[in-house]
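Peer 1: Sequence:
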Amino acid sequence: MTSVQDSLIFRNILSHPPTAAIWSDRNRTQYYLDFEAGLARAQARLSIIPSEAAEAVVASCSNVDDLIDWELLEVQTQNIGYPVLGVVKQLVARVNAGSPEGQKWGEWSHWGATTQDLTDTASILQIRDTLNIIEDFLDRIIAALRGLSIKYKTTPMPARSNLQQAVPISAGFKFARLLATFLRHKERLFEGRKRVLVLQFSGAAGTLATLSPDGSDDIGLKCQEELAKELGLSVPDIAWHTERDRIAEFGHLCSLLTGTCAKFALDLKLEMQMEVNEMREPYAPHRGSSSTMPQKRNPIFSVYVTAEAATVRQLSAALSESMVSDHERATGPWEIEWIVLPQISTLTSSCLRHTLENLEGLEIDEANMLKNLNLSNGTIVSEAVMMGLGPKIGRQRAHDVVYDLCREAVLSEKSLLDLLDASQKIDLPRSELAKMCDPKNYLGLSERMTDRVLAMCNEAQSQS
1 MTSVQDSLIF RNILSHPPTA AIWSDRNRTQ YYLDFEAGLA RAQARLSIIP
51 SEAAEAVVAS CSNVDDLIDW ELLEVQTQNI GYPVLGVVKQ LVARVNAGSP
101 EGQKWGEWSH WGATTQDLTD TASILQIRDT LNIIEDFLDR IIAALRGLSI
151 KYKTTPMPAR SNLQQAVPIS AGFKFARLLA TFLRHKERLF EGRKRVLVLQ
201 FSGAAGTLAT LSPDGSDDIG LKCQEELAKE LGLSVPDIAW HTERDRIAEF
251 GHLCSLLTGT CAKFALDLKL EMQMEVNEMR EPYAPHRGSS STMPQKRNPI
301 FSVYVTAEAA TVRQLSAALS ESMVSDHERA TGPWEIEWIV LPQISTLTSS
351 CLRHTLENLE GLEIDEANML KNLNLSNGTI VSEAVMMGLG PKIGRQRAHD
401 VVYDLCREAV LSEKSLLDLL DASQKIDLPR SELAKMCDPK NYLGLSERMT
451 DRVLAMCNEA QSQS
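As numbered in this note's numbering, the sequence shown has no gaps in its residue numbers, which increase by one up to the final residue, 464.
The reader is advised that the hints may include incorrect statements.
[What the hints assert, rightly or not] Simulated crosslink set (SDA-like; lysine to any residue; CA at most 20 Å straight-line):
{"no.": "1", "residue 1": "229", "residue 2": "195"}
{"no.": "2", "residue 1": "269", "residue 2": "296"}
{"no.": "3", "residue 1": "186", "residue 2": "460"}
{"no.": "4", "residue 1": "222", "residue 2": "238"}
{"no.": "5", "residue 1": "414", "residue 2": "460"}
[Unchecked claim] Ranges of calculated distance between the beta carbons of each label pair, as one might list FRET restraints:
{"no.": "6", "residue 1": "219", "residue 2": "10", "range": "45 to 53 Å"}
{"no.": "7", "residue 1": "140", "residue 2": "295", "range": "42 to 50 Å"}
{"no.": "8", "residue 1": "266", "residue 2": "215", "range": "53 to 61 Å"}
{"no.": "9", "residue 1": "324", "residue 2": "46", "range": "32 to 40 Å"}
{"no.": "10", "residue 1": "329", "residue 2": "140", "range": "53 to 61 Å"}
{"no.": "11", "residue 1": "421", "residue 2": "460", "range": "43 to 51 Å"}
{"no.": "12", "residue 1": "283", "residue 2": "328", "range": "52 to 60 Å"}
{"no.": "13", "residue 1": "50", "residue 2": "218", "range": "17 to 25 Å"}
{"no.": "14", "residue 1": "18", "residue 2": "215", "range": "18 to 26 Å"}
Simulated from the structure, these hints should not be mistaken for laboratory data. Ideal placement from N, C-alpha and C gives every residue a C-beta, glycine not left out.
Sequences and hints are given; from them, build the entire structure.
Peer 2: Okay, here's the thing in C-alpha coordinates:
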(Lines of atoms letter the chains of each structure in order from A and count residues from 1; the text may use other names and numbers.)
(Lines give C-alpha, C1' and ligand atoms only; values in the text may rest on other atoms or scores of the structure.)
Protein backbone atom coordinates (compact mmCIF):
# COMPACT_ATOMS: atom_id res chain seq x y z
CA MET A 1 0.00 0.00 0.00
CA THR A 2 1.36 3.43 -0.94
CA SER A 3 -1.63 5.44 0.26
CA VAL A 4 -4.98 4.92 1.97
CA GLN A 5 -6.66 5.73 -1.34
CA ASP A 6 -5.08 2.63 -2.89
CA SER A 7 -5.54 0.31 0.10
CA LEU A 8 -8.12 -2.44 -0.15
CA ILE A 9 -8.38 -2.35 3.64
CA PHE A 10 -8.53 1.39 4.31
CA ARG A 11 -10.03 2.87 1.15
CA ASN A 12 -13.56 2.83 2.60
CA ILE A 13 -12.41 3.99 6.03
CA LEU A 14 -9.76 6.68 5.57
CA SER A 15 -10.60 7.56 1.99
CA HIS A 16 -13.67 7.96 -0.21
CA PRO A 17 -13.63 5.90 -3.42
CA PRO A 18 -15.87 8.23 -5.51
CA THR A 19 -13.56 11.16 -4.68
CA ALA A 20 -10.45 9.05 -5.21
CA ALA A 21 -11.76 8.21 -8.70
CA ILE A 22 -11.92 11.94 -9.49
CA TRP A 23 -8.21 12.24 -8.74
CA SER A 24 -7.15 9.08 -10.57
CA ASP A 25 -4.68 9.10 -13.46
CA ARG A 26 -7.45 8.10 -15.81
CA ASN A 27 -9.81 10.90 -14.82
CA ARG A 28 -7.10 13.56 -14.81
CA THR A 29 -5.91 12.49 -18.26
CA GLN A 30 -9.47 12.53 -19.59
CA TYR A 31 -9.69 16.13 -18.41
CA TYR A 32 -6.51 16.88 -20.38
CA LEU A 33 -8.30 15.50 -23.42
CA ASP A 34 -11.49 17.43 -22.60
CA PHE A 35 -9.36 20.57 -22.56
CA GLU A 36 -7.82 19.69 -25.94
CA ALA A 37 -11.23 18.92 -27.45
CA GLY A 38 -12.76 22.10 -26.05
CA LEU A 39 -9.83 24.16 -27.28
CA ALA A 40 -10.12 22.67 -30.76
CA ARG A 41 -13.84 23.41 -30.95
CA ALA A 42 -13.37 26.96 -29.68
CA GLN A 43 -10.53 27.68 -32.09
CA ALA A 44 -12.43 26.24 -35.04
CA ARG A 45 -15.35 28.56 -34.30
CA LEU A 46 -12.93 31.48 -34.28
CA SER A 47 -11.20 30.23 -37.48
CA ILE A 48 -7.91 29.86 -35.63
CA ILE A 49 -7.54 26.24 -36.77
CA PRO A 50 -9.21 24.33 -39.62
CA SER A 51 -12.60 22.86 -38.73
CA GLU A 52 -11.52 19.48 -40.17
CA ALA A 53 -8.58 19.43 -37.76
CA ALA A 54 -10.86 20.28 -34.86
CA GLU A 55 -13.24 17.46 -35.73
CA ALA A 56 -10.38 14.99 -35.89
CA VAL A 57 -8.98 16.15 -32.55
CA VAL A 58 -12.37 16.03 -30.84
CA ALA A 59 -13.05 12.52 -32.15
CA SER A 60 -9.74 11.26 -30.74
CA CYS A 61 -10.31 12.86 -27.32
CA SER A 62 -13.65 11.24 -26.56
CA ASN A 63 -12.35 8.20 -24.65
CA VAL A 64 -9.09 8.25 -22.77
CA ASP A 65 -8.75 4.44 -22.74
CA ASP A 66 -9.05 4.26 -26.53
CA LEU A 67 -6.29 6.81 -26.99
CA ILE A 68 -3.74 6.51 -24.23
CA ASP A 69 -1.03 3.87 -24.02
CA TRP A 70 -0.53 4.01 -20.25
CA GLU A 71 2.81 2.24 -20.18
CA LEU A 72 4.13 4.61 -22.82
CA LEU A 73 2.75 7.61 -20.92
CA GLU A 74 4.53 6.43 -17.78
CA VAL A 75 7.84 6.33 -19.66
CA GLN A 76 7.17 9.68 -21.33
CA THR A 77 6.28 11.32 -18.01
CA GLN A 78 9.40 9.98 -16.30
CA ASN A 79 11.50 11.32 -19.16
CA ILE A 80 9.82 14.72 -19.58
CA GLY A 81 8.84 15.35 -15.96
CA TYR A 82 5.20 16.15 -16.76
CA PRO A 83 2.42 13.98 -18.21
CA VAL A 84 0.87 16.63 -20.48
CA LEU A 85 3.42 16.53 -23.29
CA GLY A 86 3.23 12.74 -23.39
CA VAL A 87 -0.56 12.96 -23.73
CA VAL A 88 -0.26 15.58 -26.46
CA LYS A 89 2.29 13.48 -28.35
CA GLN A 90 0.00 10.45 -28.29
CA LEU A 91 -2.95 12.61 -29.37
CA VAL A 92 -1.03 14.17 -32.25
CA ALA A 93 0.18 10.76 -33.45
CA ARG A 94 -3.35 9.30 -33.36
CA VAL A 95 -4.93 12.25 -35.20
CA ASN A 96 -2.15 12.35 -37.79
CA ALA A 97 -2.50 8.63 -38.42
CA GLY A 98 -6.17 9.10 -39.21
CA SER A 99 -5.75 12.23 -41.33
CA PRO A 100 -6.22 12.22 -45.13
CA GLU A 101 -3.13 11.81 -47.25
CA GLY A 102 -1.10 14.99 -47.27
CA GLN A 103 -2.76 16.32 -44.10
CA LYS A 104 -1.60 16.14 -40.50
CA TRP A 105 -4.57 17.43 -38.56
CA GLY A 106 -2.92 16.44 -35.28
CA GLU A 107 -0.42 19.30 -35.61
CA TRP A 108 -3.29 21.69 -34.78
CA SER A 109 -3.75 20.08 -31.37
CA HIS A 110 -2.77 22.08 -28.27
CA TRP A 111 -2.59 25.26 -30.40
CA GLY A 112 -1.37 28.17 -28.25
CA ALA A 113 -1.58 26.23 -24.99
CA THR A 114 1.15 25.36 -22.51
CA THR A 115 1.58 22.44 -20.13
CA GLN A 116 0.43 24.36 -17.07
CA ASP A 117 -2.75 25.49 -18.82
CA LEU A 118 -3.88 21.88 -19.11
CA THR A 119 -2.59 20.81 -15.72
CA ASP A 120 -4.22 23.64 -13.80
CA THR A 121 -7.51 23.41 -15.67
CA ALA A 122 -7.67 19.67 -15.03
CA SER A 123 -7.05 20.35 -11.32
CA ILE A 124 -9.84 22.93 -11.30
CA LEU A 125 -12.23 20.45 -12.94
CA GLN A 126 -11.26 17.84 -10.36
CA ILE A 127 -11.84 20.37 -7.57
CA ARG A 128 -15.23 21.17 -9.12
CA ASP A 129 -16.24 17.51 -9.01
CA THR A 130 -14.91 17.20 -5.46
CA LEU A 131 -16.90 20.26 -4.37
CA ASN A 132 -20.05 18.64 -5.77
CA ILE A 133 -19.46 15.64 -3.49
CA ILE A 134 -18.65 17.90 -0.55
CA GLU A 135 -21.81 19.92 -1.12
CA ASP A 136 -23.94 16.79 -1.13
CA PHE A 137 -22.45 15.72 2.21
CA LEU A 138 -22.95 19.24 3.56
CA ASP A 139 -26.62 19.26 2.60
CA ARG A 140 -27.20 15.91 4.28
CA ILE A 141 -25.28 16.93 7.40
CA ILE A 142 -27.32 20.13 7.61
CA ALA A 143 -30.55 18.15 7.26
CA ALA A 144 -29.50 15.76 10.04
CA LEU A 145 -28.53 18.60 12.35
CA ARG A 146 -31.78 20.41 11.63
CA GLY A 147 -33.72 17.34 12.74
CA LEU A 148 -31.67 16.95 15.92
CA SER A 149 -32.02 20.65 16.75
CA ILE A 150 -35.79 20.45 16.45
CA LYS A 151 -36.18 17.17 18.32
CA TYR A 152 -34.02 18.14 21.30
CA LYS A 153 -34.73 21.87 21.39
CA THR A 154 -35.94 21.78 25.01
CA THR A 155 -34.02 18.74 26.30
CA PRO A 156 -31.77 19.89 29.18
CA MET A 157 -28.19 18.70 29.46
CA PRO A 158 -25.04 19.96 31.16
CA ALA A 159 -22.84 22.44 29.34
CA ARG A 160 -19.16 21.95 30.08
CA SER A 161 -16.32 24.39 30.61
CA ASN A 162 -12.76 23.11 31.08
CA LEU A 163 -14.36 19.64 31.05
CA GLN A 164 -16.35 20.53 34.17
CA GLN A 165 -20.12 20.92 34.33
CA ALA A 166 -20.94 24.59 33.83
CA VAL A 167 -24.65 25.48 33.50
CA PRO A 168 -27.59 23.72 31.85
CA ILE A 169 -28.22 24.10 28.12
CA SER A 170 -30.54 22.28 25.79
CA ALA A 171 -29.22 19.51 23.56
CA GLY A 172 -30.93 21.22 20.63
CA PHE A 173 -28.92 24.38 21.37
CA LYS A 174 -25.72 22.33 21.15
CA PHE A 175 -26.76 20.86 17.80
CA ALA A 176 -27.93 24.26 16.53
CA ARG A 177 -24.49 25.75 17.13
CA LEU A 178 -23.02 23.03 14.96
CA LEU A 179 -25.78 23.57 12.40
CA ALA A 180 -24.99 27.30 12.23
CA THR A 181 -21.34 26.49 11.57
CA PHE A 182 -22.15 24.14 8.70
CA LEU A 183 -24.50 26.76 7.24
CA ARG A 184 -21.54 29.16 7.19
CA HIS A 185 -19.47 26.48 5.47
CA LYS A 186 -22.19 26.17 2.84
CA GLU A 187 -21.90 29.92 2.22
CA ARG A 188 -18.12 29.60 1.99
CA LEU A 189 -18.48 26.83 -0.56
CA PHE A 190 -20.89 28.92 -2.65
CA GLU A 191 -18.64 31.99 -2.54
CA GLY A 192 -15.48 29.96 -3.08
CA ARG A 193 -16.80 28.35 -6.25
CA LYS A 194 -16.89 31.76 -7.94
CA ARG A 195 -13.23 32.39 -7.14
CA VAL A 196 -11.86 28.88 -7.58
CA LEU A 197 -13.59 27.43 -10.65
CA VAL A 198 -11.67 29.51 -13.17
CA LEU A 199 -10.06 28.45 -16.45
CA GLN A 200 -6.30 28.49 -16.89
CA PHE A 201 -5.40 29.27 -20.52
CA SER A 202 -2.80 31.94 -21.06
CA GLY A 203 0.21 30.43 -22.81
CA ALA A 204 3.86 30.30 -21.86
CA ALA A 205 4.14 33.42 -19.68
CA GLY A 206 0.46 34.22 -19.42
CA THR A 207 0.22 36.80 -22.20
CA LEU A 208 -1.52 34.68 -24.88
CA ALA A 209 1.17 35.86 -27.28
CA THR A 210 0.82 32.68 -29.37
CA LEU A 211 -2.66 33.80 -30.43
CA SER A 212 -2.26 37.60 -30.23
CA PRO A 213 1.48 38.16 -30.90
CA ASP A 214 1.57 41.95 -30.95
CA GLY A 215 -1.61 42.59 -29.00
CA SER A 216 -3.27 44.28 -31.95
CA ASP A 217 -6.32 42.00 -31.75
CA ASP A 218 -8.25 40.23 -28.99
CA ILE A 219 -8.47 36.80 -30.60
CA GLY A 220 -6.61 35.30 -27.64
CA LEU A 221 -9.14 36.68 -25.18
CA LYS A 222 -12.02 35.49 -27.36
CA CYS A 223 -10.48 32.04 -27.42
CA GLN A 224 -10.26 32.13 -23.62
CA GLU A 225 -13.95 32.98 -23.40
CA GLU A 226 -14.97 30.24 -25.83
CA LEU A 227 -12.85 27.62 -24.06
CA ALA A 228 -14.28 28.63 -20.68
CA LYS A 229 -17.78 28.09 -22.08
CA GLU A 230 -16.77 24.68 -23.40
CA LEU A 231 -15.54 23.57 -19.98
CA GLY A 232 -18.15 25.31 -17.85
CA LEU A 233 -15.61 27.48 -16.04
CA SER A 234 -15.22 31.21 -15.46
CA VAL A 235 -12.94 33.36 -17.61
CA PRO A 236 -9.76 34.41 -15.78
CA ASP A 237 -9.26 38.12 -15.23
CA ILE A 238 -5.54 37.57 -15.87
CA ALA A 239 -3.14 34.63 -15.95
CA TRP A 240 -2.65 32.93 -12.58
CA HIS A 241 0.17 30.47 -13.25
CA THR A 242 2.03 31.56 -10.10
CA GLU A 243 -0.85 33.13 -8.19
CA ARG A 244 -2.06 30.03 -6.33
CA ASP A 245 -4.61 31.53 -3.96
CA ARG A 246 -7.44 29.70 -5.73
CA ILE A 247 -5.96 26.31 -4.94
CA ALA A 248 -5.01 27.38 -1.42
CA GLU A 249 -8.58 28.61 -0.80
CA PHE A 250 -9.91 25.17 -1.64
CA GLY A 251 -7.45 23.69 0.85
CA HIS A 252 -8.48 26.16 3.54
CA LEU A 253 -12.15 25.35 2.95
CA CYS A 254 -11.34 21.66 3.45
CA SER A 255 -9.43 22.53 6.62
CA LEU A 256 -12.38 24.50 8.01
CA LEU A 257 -14.88 21.79 7.12
CA THR A 258 -12.89 18.98 8.66
CA GLY A 259 -12.00 21.14 11.67
CA THR A 260 -15.70 21.49 12.45
CA CYS A 261 -16.17 17.75 12.00
CA ALA A 262 -13.28 17.15 14.41
CA LYS A 263 -14.79 19.49 17.01
CA PHE A 264 -18.01 17.46 16.94
CA ALA A 265 -16.00 14.21 16.99
CA LEU A 266 -14.12 15.36 20.09
CA ASP A 267 -17.34 16.24 21.90
CA LEU A 268 -18.86 12.90 20.92
CA LYS A 269 -15.82 10.96 22.13
CA LEU A 270 -16.12 12.68 25.49
CA GLU A 271 -19.88 12.12 25.56
CA MET A 272 -19.36 8.39 24.94
CA GLN A 273 -17.26 7.93 28.08
CA MET A 274 -19.06 5.56 30.42
CA GLU A 275 -18.92 8.22 33.14
CA VAL A 276 -20.90 10.58 30.86
CA ASN A 277 -22.78 8.40 28.37
CA GLU A 278 -25.14 11.07 27.04
CA MET A 279 -24.58 10.52 23.32
CA ARG A 280 -23.22 7.55 21.40
CA GLU A 281 -22.18 6.72 17.88
CA PRO A 282 -24.58 4.51 15.88
CA TYR A 283 -24.50 0.91 17.04
CA ALA A 284 -23.49 -1.92 14.73
CA PRO A 285 -22.38 -5.35 15.89
CA HIS A 286 -18.64 -5.38 16.67
CA ARG A 287 -18.09 -1.81 15.41
CA GLY A 288 -15.45 -0.21 17.61
CA SER A 289 -14.98 -3.40 19.62
CA SER A 290 -11.79 -4.40 21.41
CA SER A 291 -9.78 -7.58 20.85
CA THR A 292 -9.32 -8.08 24.60
CA MET A 293 -12.07 -6.09 26.35
CA PRO A 294 -15.50 -7.29 25.16
CA GLN A 295 -17.34 -4.56 27.07
CA LYS A 296 -15.75 -1.74 25.08
CA ARG A 297 -17.52 0.27 22.40
CA ASN A 298 -14.96 2.64 20.97
CA PRO A 299 -16.00 5.88 19.20
CA ILE A 300 -14.44 4.60 16.00
CA PHE A 301 -16.01 6.98 13.47
CA SER A 302 -14.94 9.91 15.62
CA VAL A 303 -11.43 8.48 15.82
CA TYR A 304 -11.27 8.43 12.01
CA VAL A 305 -12.54 12.01 11.82
CA THR A 306 -9.89 13.18 14.29
CA ALA A 307 -7.07 11.62 12.27
CA GLU A 308 -8.41 12.80 8.92
CA ALA A 309 -9.02 16.37 10.04
CA ALA A 310 -5.57 16.67 11.59
CA THR A 311 -4.00 15.46 8.35
CA VAL A 312 -6.08 17.86 6.24
CA ARG A 313 -4.88 20.79 8.37
CA GLN A 314 -1.28 19.84 7.62
CA LEU A 315 -2.00 19.39 3.92
CA SER A 316 -3.75 22.76 3.79
CA ALA A 317 -0.57 24.35 5.13
CA ALA A 318 1.33 22.70 2.28
CA LEU A 319 -1.01 24.35 -0.24
CA SER A 320 -0.26 27.69 1.41
CA GLU A 321 3.42 26.90 0.86
CA SER A 322 2.75 26.42 -2.86
CA MET A 323 1.64 30.05 -3.05
CA VAL A 324 5.26 31.15 -2.73
CA SER A 325 6.04 30.71 -6.43
CA ASP A 326 8.82 32.36 -8.36
CA HIS A 327 8.26 34.78 -11.25
CA GLU A 328 5.79 33.70 -13.99
CA ARG A 329 6.33 29.93 -13.90
CA ALA A 330 7.47 28.23 -10.72
CA THR A 331 10.35 25.88 -9.94
CA GLY A 332 8.87 23.43 -7.49
CA PRO A 333 6.04 24.89 -5.37
CA TRP A 334 3.50 24.05 -8.10
CA GLU A 335 4.22 20.33 -7.82
CA ILE A 336 3.23 20.37 -4.14
CA GLU A 337 -0.36 20.58 -5.36
CA TRP A 338 -0.05 17.34 -7.33
CA ILE A 339 0.91 15.54 -4.14
CA VAL A 340 -1.55 17.22 -1.79
CA LEU A 341 -4.79 17.77 -3.71
CA PRO A 342 -5.78 14.09 -4.11
CA GLN A 343 -5.16 13.43 -0.41
CA ILE A 344 -6.88 16.53 0.90
CA SER A 345 -9.91 15.85 -1.30
CA THR A 346 -10.35 12.20 -0.37
CA LEU A 347 -9.71 12.78 3.32
CA THR A 348 -12.19 15.65 3.44
CA SER A 349 -14.89 13.60 1.72
CA SER A 350 -14.27 10.69 4.07
CA CYS A 351 -14.32 12.96 7.11
CA LEU A 352 -17.68 14.40 6.07
CA ARG A 353 -19.05 10.92 5.39
CA HIS A 354 -18.14 9.69 8.88
CA THR A 355 -19.64 12.83 10.40
CA LEU A 356 -22.86 12.25 8.49
CA GLU A 357 -22.98 8.60 9.59
CA ASN A 358 -22.60 9.68 13.21
CA LEU A 359 -25.30 12.32 12.98
CA GLU A 360 -27.84 10.19 11.11
CA GLY A 361 -27.55 7.34 13.59
CA LEU A 362 -26.69 9.27 16.75
CA GLU A 363 -27.98 7.73 19.98
CA ILE A 364 -29.19 10.30 22.54
CA ASP A 365 -29.69 9.25 26.16
CA GLU A 366 -31.98 11.86 27.73
CA ALA A 367 -32.16 9.92 30.98
CA ASN A 368 -28.39 10.12 31.43
CA MET A 369 -28.44 13.81 30.56
CA LEU A 370 -30.88 14.38 33.41
CA LYS A 371 -28.92 12.07 35.70
CA ASN A 372 -25.73 14.02 35.00
CA LEU A 373 -27.50 17.31 35.65
CA ASN A 374 -28.26 16.00 39.13
CA LEU A 375 -24.75 14.68 39.84
CA SER A 376 -23.64 17.93 41.42
CA ASN A 377 -26.40 17.95 44.03
CA GLY A 378 -27.81 21.06 42.39
CA THR A 379 -24.60 23.09 42.22
CA ILE A 380 -24.81 23.21 38.42
CA VAL A 381 -27.46 25.93 38.88
CA SER A 382 -25.37 27.93 41.37
CA GLU A 383 -25.23 30.80 38.91
CA ALA A 384 -29.03 30.84 38.69
CA VAL A 385 -29.29 30.89 42.50
CA MET A 386 -26.68 33.64 42.78
CA MET A 387 -28.47 35.80 40.22
CA GLY A 388 -31.81 35.09 41.89
CA LEU A 389 -30.52 36.09 45.32
CA GLY A 390 -28.55 39.08 44.06
CA PRO A 391 -31.44 41.59 43.97
CA LYS A 392 -32.38 40.58 47.52
CA ILE A 393 -29.05 40.39 49.36
CA GLY A 394 -26.62 41.92 46.87
CA ARG A 395 -24.72 40.16 44.09
CA GLN A 396 -21.33 39.84 45.83
CA ARG A 397 -22.86 38.61 49.07
CA ALA A 398 -25.01 36.20 47.11
CA HIS A 399 -21.89 34.93 45.33
CA ASP A 400 -20.06 34.31 48.61
CA VAL A 401 -23.03 32.64 50.28
CA VAL A 402 -23.71 30.33 47.32
CA TYR A 403 -19.99 29.58 46.94
CA ASP A 404 -19.81 28.36 50.56
CA LEU A 405 -23.00 26.33 50.22
CA CYS A 406 -21.77 24.71 47.00
CA ARG A 407 -18.60 23.69 48.78
CA GLU A 408 -20.65 22.23 51.59
CA ALA A 409 -22.91 20.40 49.12
CA VAL A 410 -19.87 18.71 47.56
CA LEU A 411 -18.37 17.68 50.90
CA SER A 412 -21.60 16.64 52.64
CA GLU A 413 -23.39 15.23 49.58
CA LYS A 414 -26.46 17.24 50.58
CA SER A 415 -28.47 19.01 47.93
CA LEU A 416 -27.95 22.71 47.33
CA LEU A 417 -31.70 23.20 47.73
CA ASP A 418 -31.69 21.69 51.22
CA LEU A 419 -28.70 23.78 52.26
CA LEU A 420 -30.26 26.95 50.88
CA ASP A 421 -33.51 26.21 52.69
CA ALA A 422 -31.65 25.64 55.97
CA SER A 423 -29.37 28.68 55.67
CA GLN A 424 -29.90 31.50 58.17
CA LYS A 425 -28.57 33.97 55.59
CA ILE A 426 -31.42 33.39 53.16
CA ASP A 427 -35.04 34.16 53.90
CA LEU A 428 -37.00 32.78 50.94
CA PRO A 429 -39.69 30.11 50.75
CA ARG A 430 -38.51 26.66 49.67
CA SER A 431 -40.84 26.73 46.67
CA GLU A 432 -39.06 29.80 45.29
CA LEU A 433 -35.66 28.28 45.97
CA ALA A 434 -36.76 25.06 44.26
CA LYS A 435 -37.55 27.00 41.08
CA MET A 436 -34.06 28.50 41.14
CA CYS A 437 -32.54 25.04 41.60
CA ASP A 438 -34.39 23.33 38.75
CA PRO A 439 -32.03 22.98 35.73
CA LYS A 440 -34.99 23.09 33.36
CA ASN A 441 -35.66 26.66 34.49
CA TYR A 442 -32.15 27.85 33.58
CA LEU A 443 -31.82 27.12 29.89
CA GLY A 444 -31.69 30.82 29.10
CA LEU A 445 -32.44 31.60 25.47
CA SER A 446 -31.42 28.13 24.27
CA GLU A 447 -34.78 27.54 22.62
CA ARG A 448 -35.06 30.95 20.98
CA MET A 449 -31.50 30.87 19.69
CA THR A 450 -32.10 27.40 18.30
CA ASP A 451 -35.24 28.66 16.57
CA ARG A 452 -33.25 31.51 15.07
CA VAL A 453 -30.73 29.09 13.55
CA LEU A 454 -33.54 26.88 12.29
CA ALA A 455 -35.11 29.90 10.59
CA MET A 456 -31.75 30.65 8.95
CA CYS A 457 -31.57 27.04 7.80
CA ASN A 458 -35.07 27.15 6.32
CA GLU A 459 -34.27 30.40 4.51
CA ALA A 460 -31.03 29.01 3.11
CA GLN A 461 -32.79 25.87 1.89
CA SER A 462 -35.54 27.91 0.21
CA GLN A 463 -32.93 29.94 -1.69
CA SER A 464 -30.87 26.97 -2.85
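Peer 1: Could you run down the list of hints and mark each one as holding or not?
Peer 2: Verification of the supplied hints:
1. 229 x 195: Given pair residue 229, residue 195 holds - Cα atoms ~16 Å apart, limit 20 Å.
2. 269 x 296: holds, 13 Å
3. 186 x 460: holds, 9 Å
4. 222 x 238: holds, 13 Å
5. 414 x 460: violated, 49 Å
6. 219 x 10: 45 to 53 Å: The hinted range 45 to 53 Å holds for residue 219 and residue 10, with Cβ atoms some 50 Å apart.
7. 140 x 295: 42 to 50 Å: violated, 33 Å
8. 266 x 215: 53 to 61 Å: holds, 56 Å
9. 324 x 46: 32 to 40 Å: Since the Cβ atoms of residue 324 and residue 46 sit about 37 Å apart, the hinted range of 32 to 40 Å holds.
10. 329 x 140: 53 to 61 Å: violated, 41 Å
11. 421 x 460: 43 to 51 Å: holds, 49 Å
12. 283 x 328: 52 to 60 Å: For residue 283 and residue 328 the Cβ distance comes to about 57 Å; the hint holds.
13. 50 x 218: 17 to 25 Å: Hint holds: Cβ distance 21 Å, inside 17 to 25 Å.
14. 18 x 215: 18 to 26 Å: Violated - the Cβ-Cβ distance for residue 18 and residue 215, about 45 Å, lies outside 18 to 26 Å.
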